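*Asks:* When you get a sec, could you build the whole thing from the sequences and use the hints?
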Amino acid sequence: MKKILMIFTALLFGSLLWGCFDYAIDEDGLLVSEDGGCYVLNFDLIDTDQKTVKSSVYPPVIDTTSCTIDIYVVYGAVLDNVYPRFSLYLNCKLEPKITGRMDLSDMQPRQWDVISGNRKVRKTYTVYFHEEEPIK
Amino acid sequence: MKKTIYLLICSLFAGLMLGCNSPEGPTTLLKNDCLHRSWGIHMVGEELVFAYAAAMPYGTGKIESMKVTASIAGGPSTRFDTRAYKTSQAGVEVGTTVATNIPQTNPCSSKVDLIVDTCAITLRYYYEIPEEARDKDVTFTFYASADNGEVVSYEMGPIHCSRQDCRTGLEANNERCYISIEDMAVYTYDEVVAGNKSVDIIYTYKTVKTPTSPSGSSSIGGLNKCFMAPTTEAINRIEELKTIQLPPVERNTKLRESAHAKDEVIEQSKWHLYITDEDFAALDFRPSPVGMGYSNLVTNFVTEYNCIWIESEDGRYRAWMWVNTPSSDLTDQITFGMKRYEVK
Chain A
580 MKKILMIFTA LLFGSLLWGC FDYAIDEDGL LVSEDGGCYV LNFDLIDTDQ KTVKSSVYPP
640 VIDTTSCTID IYVVYGAVLD NVYPRFSLYL NCKLEPKITG RMDLSDMQPR QWDVISGNRK
700 VRKTYTVYFH EEEPIK
Chain B
14 MKKTIYLLIC SLFAGLMLGC NSPEGPTTLL KNDCLHRSWG IHMVGEELVF AYAAAMPYGT
74 GKIESMKVTA SIAGGPSTRF DTRAYKTSQA GVEVGTTVAT NIPQTNPCSS KVDLIVDTCA
134 ITLRYYYEIP EEARDKDVTF TFYASADNGE VVSYEMGPIH CSRQDCRTGL EANNERCYIS
194 IEDMAVYTYD EVVAGNKSVD IIYTYKTVKT PTSPSGSSSI GGLNKCFMAP TTEAINRIEE
254 LKTIQLPPVE RNTKLRESAH AKDEVIEQSK WHLYITDEDF AALDFRPSPV GMGYSNLVTN
314 FVTEYNCIWI ESEDGRYRAW MWVNTPSSDL TDQITFGMKR YEVK
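Residue numbers (this note's numbering), protein chains in the order written: chain A, 580 to 715; chain B, 14 to 357.
Zero decoy hints are in this set.
If you only want the chain A side, here are some residues facing chain B, beta carbon under 10 Å, derived:
{"no.": "1", "residue": "ASP626"}
{"no.": "2", "residue": "ASP628"}
{"no.": "3", "residue": "TYR654"}
{"no.": "4", "residue": "ALA656"}
{"no.": "5", "residue": "TYR662"}
{"no.": "6", "residue": "ARG680"}
{"no.": "7", "residue": "MET681"}
{"no.": "8", "residue": "SER684"}
{"no.": "9", "residue": "GLU711"}
Source of the hints: derived by calculation from the structure; they are not laboratory data.
These figures come from a predicted structure and were not determined experimentally.
We put the CB at the ideal spot given by N, CA and C, even for glycine.
*Replies:* Quick look at the structure:
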């Protein structure tokens, strides 16, 4: 009986240690992988009514080489309380974190760092905001 | 051991029987019951509807009268419905007059005397919520009396009445575009100046052509239905709004477009969803991440789906606005409703 218990305990500890080595977790409780991929897949701005304000004509242009995002919003969109929504490559994370709605009404470029899944690559993305041009 | 179990079972049965015989106070032949038939948040001017029933065994007597006393005197339309209803096979309620109203000196009371010989009756009681009941609890005591001298009573409530006001069917267009929360009304510029009206929101409808494709063909793509605070800052944000005539007093009203908030009264739907006093109390216009933030301008407003939460500049009123006109209606004319909550 005692022997079995001991074996079980050893197995349990063993598995825990195994876990520690296999799946590293960073300070935010997010998975650290071995992947060095570091880029943005998509970008959107969500208004207070939970709907996008981006232009239906011009999709956002994401340049993963020069690390720029050009987002086009509909004419007259109010960007006082919008939620920037990034879609990132597997296991990547953002810095600074987006904690809530932001006031982007000045349309000035904003910068976010994208950090790769293995936390070794960091790329600074610049987001440029554009408004659809009305036809006179 | 066996003896103990036997004793225990005996005492259990004895206890049960005792329970059966326990006195429940004086019993009457006349019994009564009551239902609250109305729903909603019970705003001032709305009616609370009750169905009050009384009955006694056949042959033991007849019901003579019914009376109700409210803790706060109801509005002018407070009354007993003197008809008793049955539902026909077609699903229509058919009423038969069974009672007459007896005027009461106490303004909180309503009374009817039955004019038919019956031992069972259900009557409806309508209570118009008066201004005095705003944000207060109302309780009701129903009484029924029979010709054998028995009187029974039934307590209803407390029912909480809302602090809100609401207005439906307000009309606005590019001329009549100055919305006042205090008056819950829409004015033209001349009316605002002549009557010294307070203006909290300006409505406007503007269409701006934007390209539908990068190659250049165009469609109506921007602004549409807009609501803004009557301030220079707000109208100067967009070129097309700069020509709007501001009222003499500028008020920096807080506006926030939102979705997924509905109200049956204003929307005239059958979903039984309401904007409650708690919803207004929970509003937080502080910037994110503490609150939900606010703006002084709402553009591209989607009617029938979105709504606007409003707080007046002085913080006295919070309001909720819903536009009934369909989004497909591409004119400046809108019909809307508004709910208002006075913050104390």
